[in-house]
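With chain A's structure known, arrange chain B on it following the hints.
Chains as they are written, first to last, in my numbering: chain A, 1 to 71; chain B, 1 to 137.
Watch out, some of these pointers could steer you wrong.
[Claimed, not checked] Facing chain B, from chain A, some residues (calculated, C-beta under 8 Å):
#	residue
1	37
2	45
3	57
[What the hints assert, rightly or not] Simulated restraints, written as ranges between beta carbons of each label pair:
#	chain 1	residue 1	chain 2	residue 2	range
4	B	104	A	32	50 to 58 Å
5	B	91	A	13	45 to 53 Å
6	A	21	B	89	54 to 62 Å
7	A	54	B	92	36 to 44 Å
8	A	51	B	79	27 to 35 Å
9	A	63	B	56	35 to 43 Å
Since the hints were made in silico from the structure, they are not lab data.
The beta-carbon is built from N, C-alpha and C at its ideal position, and this holds for glycine as well.
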Amino acid sequence: MFKPEQKITNNIRKLRFEAGEMTQEQLAQKVEVTRQTIIALEAGKYLPSLYLAIRLARVFGLKVEDVFNID
Amino acid sequence: MLAQQKEAIYTLICSICYFIVLLILPLVFKGIAAESVLLLFALFISSIWILRKRSGSRFQAMDEMDKTIRLQAAIIATHAFGLTVAIYGIVLYLIHRGYPFVPIHQVLLLALHSWLSLYAFWSGSILYLYRRGALSV
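In isolation and in its complexed conformation, chain A is listed as follows:
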């Protein structure tokens, strides 16, 4: 059962570095958002839409649950 205070986290930053040290700008262009959105995502300040979450996962060749998690 999920509790309301549980937080959604991601490992986008780690995946970015593992994907040939991709920059935030490069990732932003791939998923068609601004660099500020990538910054906010990595800082946990923004929860992406399902559409953006799937696009991000596809950039890294992973499933959504491999990129995002509930703590």
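Relative to the frame of chain A, chain B by itself:
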């Protein structure tokens, strides 16, 4: 800085400037005419339209986070707008409850102040949400 953040800063400063003008004008001219309030209303709308153009902010160019923040800021601003109208209306009631009517320039000032508060809270909320992050819903 994003174009939306620039637009928000310009709008916030513009709203505050017009608030100050509305405080000073009646003191300098010993009152304010209804036509002056309408003119200031038109000037304010024109000002923020021009400032928006100069900031380069375009809705079509915004991504999902930008639109989310803009929408959430609008929700916050709508509540602040309602609060301003309510408080202003209560004040007008208390001042004029012994009379059969409220002077027209004060009704127009209620409208202009409410509009200024809408844009001040909207732009302030945009800046705050970009700093803090969008609200999780």
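* Unsatisfied constraints (hint numbers, rising) -> 3, 7
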